[in-house]
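Undergrad: Just so you know, the sequences run in chain order A and B. Quick note: the first sequence uses the numbering used here, first residue 1, plus one each step. Quick note: the second sequence uses the numbering used here, first residue 1, plus one each step.
In case anyone wonders, no lab produced these hints; they're calculated from the structure. We treat Cβ as the ideally placed atom computed from N, Cα and C, and that holds for glycine. Treat the hints loosely; a few may be bogus.
Partial list, derived from the structure: chain B residues whose beta carbon lies under 10 Å from chain A [as the list claims (entries may be wrong)]:
1. 3
2. 5
3. 7
4. 10
5. 39
6. 61
7. 72
8. 76
9. 79
10. 276
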Amino acid sequence: MSSFGVVLLLHGLALAASTAQPLPGIAIERRLADRYRLAVGDTVRLTPAADRPAARYLVEAIYQPKADPATALRGEYQIRFHLPELSRLLGAADRVDRIAVLGRPGIPADSTAFRLNQPAFGYRAYPSERIASESSRTFAVVSRFHRAIGVISIVASAVFLLCIMLLKVEERRLDAAVMRMIGISRATVFRAFVLEATLVAAVGSGLGVGLAAVAGALTNWVYRRRFETSLVFSHLSPDIVAFGVGLSLVLGVAVGALAARRLVTARPLALWRRAG
Amino acid sequence: MTWALVVRSLFRHPVRTALVVAGIAVAAALLLDMVMLSGGMERSFSRMLLSRGFQIRLSPKGTLPFDTEAMIPAITPILDDLRADPDVERVGPVLATSLHVRVGDSLLTLVGYGVDPAGQGLYELEAGADLVPGDSTGLLVSEPAAAAAGWQIGDTIRLQGRLDPQSARAEAERVVTVRGVVRFLYDARGQRSVGADFRVMQRLGRFPDADPASMVMVKVRADDRVDSVAARIARTHRTVEVNSVAALVVQFRSRLVYFQQLSLILATISLVVGVLLVGTILTITVSERIGEFAVLRGIGVRRARVVRLVMAEGAVLTAAGAIGGVILGLATARYLDAILTSFPGLPAAISFFVPERTAIAKAAVAVFVAGVAASGYPAWLAARAPIAETLRADAE
């Protein structure tokens, strides 16, 4: 069975009917079967163009195609034919769009492609890696866009965090003044406030990771239903968690330390007055 | 007096105020970008399709224009019928096919468009002369094609069509003269394209005997009759797909649903961040200054005035942030647009972020209203504080 991702116009569909001659078989993807309530053994009529005669085929299999981000969002349906049957339907005998070549172990794909291209007329050989790289250009663009949006979000959340931590520590002016007046050293006061800022940042980061996990699960649920695919749209990897938590902690501790330094360098009486 | 108090209060903590304004500005910038993204693609796509005034497209049944290699066969009777329609002002058939030219000892592959000079909606002339009806030896070239082949206006070249993949020999050839340089409206960046008379391109392209067309563009005399004319064409010609520009925009929207939902989610998050920022900062500020508000109430200032005072503070913060956000948002939109418009195969005329006054006003007003609303809670806290107890607690 050939695996051509060709979309054909469904000209008419009929439920199973007994036929005198055996019909050519096709395999249809699960979404198409669900959409038109087709089952194995049903007969379908297919045509490559609306004004061309339709041919009858027998549904021999229903399959679940591999989740492919390149096609999932287009919502097209796929049918697999035996190669000669598709050629006959399209009126393009002895023609193929692509040929997959499996090289012998140990021989680099680049050199095989180079050799195949030397005498080539009518085809061009590419190593699979190059095709993958070319066909993933769209996703590279999306990835760059996500990174740019991510940077803006990080800047926004960093400023937010700065404000909150600054206020949180400044709110403790009275406590700082009292601690200093009863003889607690500057270093101890400083450490106490930094520790407090660290705890706040850690709890906030934990909550953030939980929120991200819920948002990611919701995103996957919505988009998988929307595009009828098993693709993963949102993936919360350990790297991303480590980056998010690390950034929050670094920012939280740095701002906490900055604000705490302002508190411990001020005179206790001045702090007392300002707190009042 | 209210505004003087507001300004003095904000300048009492300049670092804090600057940080809040910066935070609101970043949130507002993200919101503006997302508002532009949500509507920009559609507007840009619609503008591109309507740039030459053709409101209806006919394409092979089950496809969208230029979406597949499928063609509409036997196009001449369809064109005759469309031209006879009293509601139709102009009809522009288009055939897209692969062409080749020899440049030195190598073969350059081009996208060839067959157009009817009397009703073309596919390009805009940039230099030289346009094709005239009946010009079967003229050729229009895009800038990238001219640059790749080294063509000048007036050059004579040999176009090759239907190249045999086995022998690399062309089944059809045509000698043409470059008349002008054009910008093809639906071309991707750097696409090497040429345009010639529709019938010339039919002879050079695949299935010359099938009288094919890739698409037909139809210009209706009255805009309010577009839908009815499209429906009538669809009823009469059942073997073609008939779409008005509005219907194509709907199809386009369904393909870009991801970006629209992303923009909605991020816009909501940025608004929430803005609200939280203003609400939190003002709540902490109010609790710091609760004694001050109690004094104001004690000397006879009414509750409504205290509420106005706090809300005005919120309004000033968000207004300053919104102004900064618009500037920042427009700058980041250019950068983000440059990223997204590098999608392979995307027409160069498409933009994702279209800076329009309505989008800017929407984002600025949304941030302002959200910011003022967020200051409602701290304002209520300031106004409802019991005077005597607060002053006593403050004194202690």
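Undergrad: Let me make sure I understand: some of the numbered hints might not hold for this structure. Which ones are they, in numerical order?
TA: 1, 2, 3, 4, 5, 8, 9
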